[in-house]
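These are the residues of each chain, in order.
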Amino acid sequence: MFEQKNLVTFAFLVIPVLALVGVSEFAGDRLLERIATNFCIMLVLVLGLQVFMGNSGILSFAHIGFMGVGAYTSGVLSMPLRMKSMALPSLYPILQDVQLSPYLTILIGGLVAASVAAAVAYPLMRLSDAAAVITSFALLVVLHTIMVGWSAVTNGPRTFFGVPKVTDMPLAAGFAIAVIAIALLFKESRTGLLLRAVRDDEAAAESTGAHVSMLRWRAFVLGALLAGLGGALWGHFITSFSPKAFYLKETFVVLGMLVIGGPMSVSGAVVGTIVVTIAFEGLRHVEGAINIAQVFPRPIVGLTEVTLAVGMILLLIFRPGGIFATAEIGTLLLRHRRGRDPTEEDI
Amino acid sequence: MTAFLQFVIDWLSLGSAYALMALGLVIVYGILRLVNFAYGELIMVTGYTLFLLKGSPMPWLVMAVIAVCMAIFTGILTDYVAFRPVREKSVTAVLITSFAFSTLLQNAALLFISPRPRNVPLPDIFSETVVFLGLFVPVRNLLTIGLALTLFAVFALLMKRTIFGIAMRAAATHFTMARMLGVPANLIISAAFAVSGLLAGVVAVVWIGRIGAVVPGIGLEPLLIAFIATVVGGMRSLQGAVLGGFILAFIDMGLNFTLPQDLLKFRDAFTFSAVILILLWRPEGLIKGPSSGRRV
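The listed protein sequences derive, respectively, from chains S and D.
Per the working numbering, the first sequence runs over residues 72 to 418.
Per the working numbering, the second sequence runs over residues 3 to 298.
If you're looking for bench data, these hints aren't it; they were derived computationally from the structure.
All C-beta atoms, glycine included, are put in the ideal place defined by N, C-alpha and C.
Straight-line C-alpha distance at most 30 Å; calculated DSS-like pairs for lysine-lysine:
| no. | chain 1 | residue 1 | chain 2 | residue 2 |
| --- | --- | --- | --- | --- |
| 1 | D | 267 | S | 320 |
| 2 | D | 267 | S | 315 |
| 3 | S | 236 | S | 315 |
Example chain S residues on the side facing chain D (calculated, C-beta under 8 Å, incomplete):
| no. | residue |
| --- | --- |
| 4 | 194 |
| 5 | 200 |
| 6 | 371 |
| 7 | 377 |
Bound conformation, chain S alone (with noise of 0.2 Å):
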């Protein structure tokens, strides 16, 4: 587990999230400070998305669904006495004077979002394929529209606000570090071995005695349980927000960044977080610019995800494993350095 290439791995990989920090703080600027950050929240959500995904080769829409459940967690168990009042005046009586640290909170928003996983995806870690993927779109539906109907508890289709500030950029890092982390020790752990050879080949790992349903359950509770971080983590840095914040859009983003960088290898998600957020700061640079200087008769809107649905498209047609298609980084690197030809025990 602490070889030497996932030592390596993590040191390149935990690299760019410190050259951030370092650059924002140094340079003091707010903008780069809040692009930074958010960098740090997705590339938890991504992780989060990589760790069922990448390990068992099944594509899951709920995902974000449990950001969703996270996020509205701990805002309520966190948002203070005097706006609780106002922001949700019909909560229940039993919530209403509870009124924990933030920090806290994030912490009981993810294991929330992994107990809801835990409790309702064994099951479904029956099926593959499409029916797989059919059943996780069906748990976002029903995610989604029980955030817009507990009114009591989210305020509905209405903008949930009054939630406390306290992600800040050192906040966000470390949680995006330790999530590097996390997400290679389950990779390289006796279950996410397992769950790989599972996604290889069912069958064959099946008849050596995996467990299948058991292997991908845990993944998916993990996945939830970062999902469920990032998702508290995002709301307490946007304070304010509303149950279309997490549904297909966030979903899309989420996947391109995953898909982008490859699904397949921890340094895939990081990479693609990067990759796209980059373009997309500069794609939003862009379509601001456009827009002030009135080009055209209205503003224009979705130049983003058009973009990013092109590069997609184009690139799991030409790269269907995205950048870093099976091997880390720190395997690609040590492979280099010694010079020989690839061989399948490093992959």
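Since chain S is already given, all that's left is putting chain D on it; use the hints.
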């Protein structure tokens, strides 16, 4: 008695629309075993074509035909852009490309047309009602039922009697075997997408006829409906898809009547939980399709 008749007519009309949506999705799924996430956007394309043709001197029927043709074209385009290049690679890759293509089309509509609803031209007949067996029935409901029945009949004939239909069913049963026996794979798949586009286009006209306007996100609800209906009825069986559409319409309307007001907003949560349960109980759906064959 009148209440009952009213329920039956409403149910048949809603069920016809649902069944058409489901049929369009399952025709592609049957052959490729892959879900087309960009299916809802075929309905959006039809709507926007109608909107763009607004004000032209053509009679409405011609506009509607052009709009349906656009849906067919977009269906074939989906095959070429999102399915054919990655088909051989992995299930996940195709699902992601079709999801990406769906987002691409939606955001293209946002970018080039508008995020706000746009009215589409509709003939007067869509807003008229007739008195039928002592009931006031909107003509468009009867139109939906009539269109659906005609399409089902034509479709059944096509699948049962023509070489094309037989080749398509053969491909859905065992793709590799059909290919070995000389069924041209790419042609059949493109044809399935074209039929899918046709069904989506027709259902789009009546669906948008109910709403009266088109927005970039209009495709999501039909996609979800088609999903549930096919899952309930049977992912691989055409009859199952139609049956699923009618069952779903019945459940939806039943829940509308029976659920208390404060639970009604959770209706989708109930129906989708039912989908999950049905998939767990019978992963193949209520009606089993031809059993065999690996994914293409």
